[in-house]
Amino acid sequence: MQLHYSMRGAVWIFIYLLFILAPLFALLTGSFPPSPRGFPGEFAVAVGYSGLAMMGLQFGLTARFRYVTEPWGEDVIYHFHRQISLVAIALVILHVLILFVLRPQRLAMLNFFEASWRASFGALSIYALIALVVTALWRTKLKIRYETWHLSHIVLAVIAIAAGLLHMLGFGRYLVDPWKQALWVGLTLFWIALLIYVRVVKPLFMLRRPYRVVEVRKERGDTWTLAMEPDGHLGFRFSPGQFGWMTVWGNPFKVTGHPFSFSSSAATTDGRVEMSIRALGDFTSAIPDLPVGQRVYLDGPYGAFTIGNPADMHVLISGGIGVTPMMSMIRTLADRGDKRPVILLYASKDWESITFREDLETLKARLDLTTVYVLQNPTGEWIGEQGYITAEMFKRHLPPPYETHEYFICGPDVMMDAIENALKELGVPLSKYHSERYSFV
Amino acid sequence: MRRLFADRLVIMTALVVIVMAAVFAFLRVAAG
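Chain order of the listed sequences is A and B.
For the first sequence, numbering that gives the first Met the number 0 begins at 0 and goes up steadily by one.
For the second sequence, numbering that gives the first Met the number 0 begins at 0 and goes up steadily by one.
Just so you know, these hints were derived from the structure itself, not from any lab.
A quick note: this is a predicted structure, and the numbers were derived from the prediction, not measured.
Using N, Cα and C, we set each Cβ at its ideal position, and we do this for glycine too.
A hint or two may mislead.
[As the list claims (entries may be wrong)] For the chain A half of the interface with chain B, some residues (derived, Cβ under 7 angstroms), not all of them:
(1) LEU23
(2) LEU27
(3) PRO33
(4) SER34
(5) PHE38
(6) GLU41
(7) PHE42
(8) ALA45
(9) VAL46
(10) SER49
(11) HIS78
(12) PHE79
(13) GLN82
(14) ILE83
(15) VAL86
(16) VAL132
[As the list claims (entries may be wrong)] Chain B stretches covered by chain A per the calculated footprint, using a threshold of three residues with CB under 8 angstroms from any CB of chain A:
(17) 9 to 18
(18) 21 to 27
[To be verified] What follows is a set of in silico ranges between Cβ atoms, one per label pair, in the way DEER data are often shown:
(19) HIS232/A with ARG7/B: 40 to 46 angstroms
(20) PRO103/A with VAL15/B: 30 to 36 angstroms
(21) ASP412/A with ARG7/B: 14 to 20 angstroms
(22) THR255/A with ALA30/B: 16 to 22 angstroms
(23) TYR387/A with ARG7/B: 24 to 30 angstroms
(24) VAL15/B with HIS232/A: 43 to 49 angstroms
(25) ALA278/A with VAL15/B: 40 to 46 angstroms
(26) VAL15/B with ALA285/A: 43 to 49 angstroms
(27) GLY171/A with ALA21/B: 18 to 24 angstroms
(28) ASN250/A with ALA30/B: 52 to 58 angstroms
(29) PRO340/A with ASP6/B: 31 to 37 angstroms
(30) THR403/A with ALA21/B: 45 to 51 angstroms
(31) ASP311/A with ASP6/B: 27 to 33 angstroms
(32) ALA285/A with ALA21/B: 49 to 55 angstroms
Take these sequences, add in the hints, and give me the full structure.
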């Protein structure tokens with residue numbers, strides 16, 4: 000499966016580059032006027048076109064196509080989406096800077112009142128891009144509500160792409176042939192169509208497949224488990240460790256869904272799913288007040304953080320509410336009658352806030368499960384592990400050779416970085432461990 | 000670690016695109 004995913008990953012990288020470079024090099028075919036600009040000017044044009052194509056591809060990255068995201072994991076795709084947007088905007092700014100240096104009179108293009116329409120669209124595209132990046136990078140510092148930001152993010156992205164295209168068509172030095180115009184207009188429409196698919200077509204589909212809340216169960220550690228059953232349809236099957244986007248209040252057309260891991264067994268066949276949610280913000284704190292019978296919408300399943308590779312034992316490492324996907328894995332392995340050992344290293348604030356503590360003890364009767372609790376604030380009588388999970392702790396609890404086990408890590412970013420380094424220290428190859436960062440949105 | 004891989008992918012993509020943009024410019028100028 001790992002090799003299969005690597006192959007698919009390589010194919011998607013090739014397709015990604017093809018979508019940027021093919022429309023660019025297509026401009027060199029057919030007819031075009033002589034080049035009066037020389038190398039720097041033509042380079043500026045090329046980075047401008049490439050930057051725009053990369054911005055358009057962002058719609059593809061966030062369209063939640065399972066087939067695309069599976070080899071990487073949704074968190075890595077979103078990380079790439081964020082980082083590559085900085086590259087795209089850098090290319091667009093480089094495009095402008097080179098052209099300004101070559102001919103400083105072009106600076107007047109930044110003034111909406113004096114510039115031609117085609118220049119104004121270029122300026123509008125850049126302003127939208129800058130606003131897009133600034134609000135994305137500093138949303139929390141700017142105190143922008145997540146829902147407001149998400150909506151503005153979509154609007155600004157559409158403005159940036161559409162204005163960039165109009166700017167390109169307006170100058171049109173390379174788009175003399177109608178087929179080249181059709182190529183770039185078609186590509187832009189394709190990106191916007193992806194957005195329409197995610198925001199209109201998919202919600203329409205979800206509207207016909209609602210779920211009902213059948214139970215709201217209190218767990219330890221300020222956490223509630225929400226059990227949901229499909230209402231009038233068969234639901235979907237998921238793999239343990241995967242997650243779904245949940246919309247509770249309103250309809251699936253609402254811009255903001257919230258991603259949560261499934262905590263129930265994937266072996267159930269009646270479509271019932273459970274999500275365990277810790278009260279950490281406005282949305283999550285309102286979960287306990289949800290009435291039984293409440294209609295909810297689920298978009299899923301997503302994520303590559305799942306069991307299935309050959310392994311002699313599963314090592315599950317979680318911090319705080321990062322235990323939810325592990326719980327789904329443990330319950331599924333128990334339901335499947337899996338005989339392989341499972342070790343859960345679970346970092347928690349204190350003994351009382353260990354979510355699923357009793358459930359885990361019960362599951363030990365059906366599975367070769369060992370739990371190692373690591374407490375941050377233990378009481379005086381605690382004799383177990385405390386502090387942070389380290390390489391030394393792995394050596395105390397895991398049988399060598401370490402590289403034959405399959406590792407799953409889910410928790411806060413700092414903890415995950417530390418654990419990934421500890422596993423590297425133990426000589427565990429990258430292919431043997433899987434991680435999912437729940438702070439990816 | 001996977002994010003480190005994603006970061007490397009971003010850098011590689013940026014380098015490929017910049018090199019190819021230079022190739023584009025070179026070919027364009029050569030074409031006259």
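Now for the hints, and whether the structure bears them out:
1. LEU23: 6 angstroms, holds
2. LEU27: 6 angstroms, holds
3. PRO33: 6 angstroms, holds
4. SER34: 6 angstroms, holds
5. PHE38: 5 angstroms, holds
6. GLU41: 4 angstroms, holds
7. PHE42: 4 angstroms, holds
8. ALA45: Holds, about 4 angstroms.
9. VAL46: Hint holds; VAL46/A Cβ to chain B Cβ min 5 angstroms, cut 7 angstroms.
10. SER49: 5 angstroms, holds
11. HIS78: 5 angstroms, holds
12. PHE79: 5 angstroms, holds
13. GLN82: At about 4 angstroms, which falls below the 7 angstroms cut-off, the nearest Cβ of chain B leaves the hint on GLN82/A intact, so it holds.
14. ILE83: This hint holds: ILE83/A lies near chain B, its Cβ roughly 5 angstroms from the closest one there, short of 7 angstroms.
15. VAL86: 4 angstroms, holds
16. VAL132: It is violated, given that the least Cβ distance between VAL132/A and chain B is near 14 angstroms, above 7 angstroms.
17. 9 to 18: It holds: at least three residues are needed, and the stretch 9 to 18 of chain B offers 6 whose Cβ sits within less than 8 angstroms of chain A.
18. 21 to 27: holds (count 6)
19. HIS232/A with ARG7/B: 40 to 46 angstroms: 42 angstroms, holds
20. PRO103/A with VAL15/B: 30 to 36 angstroms: 31 angstroms, holds
21. ASP412/A with ARG7/B: 14 to 20 angstroms: 18 angstroms, holds
22. THR255/A with ALA30/B: 16 to 22 angstroms: 49 angstroms, violated
23. TYR387/A with ARG7/B: 24 to 30 angstroms: 27 angstroms, holds
24. VAL15/B with HIS232/A: 43 to 49 angstroms: Because 44 angstroms falls inside the window, the suggested range holds.
25. ALA278/A with VAL15/B: 40 to 46 angstroms: 45 angstroms, holds
26. VAL15/B with ALA285/A: 43 to 49 angstroms: 46 angstroms, holds
27. GLY171/A with ALA21/B: 18 to 24 angstroms: Cβ of GLY171/A to Cβ of ALA21/B: about 23 angstroms, so the range 18 to 24 angstroms holds.
28. ASN250/A with ALA30/B: 52 to 58 angstroms: The hint (52 to 58 angstroms, Cβ to Cβ) holds, given that ASN250/A and ALA30/B are roughly 54 angstroms apart.
29. PRO340/A with ASP6/B: 31 to 37 angstroms: Between PRO340/A and ASP6/B, where Cβ atoms are some 34 angstroms apart, the hint holds.
30. THR403/A with ALA21/B: 45 to 51 angstroms: 46 angstroms, holds
31. ASP311/A with ASP6/B: 27 to 33 angstroms: At roughly 31 angstroms between Cβ atoms, ASP6/B and ASP311/A fall inside 27 to 33 angstroms, so the hint holds.
32. ALA285/A with ALA21/B: 49 to 55 angstroms: Cβ of ALA285/A to Cβ of ALA21/B: about 53 angstroms, so the range 49 to 55 angstroms holds.
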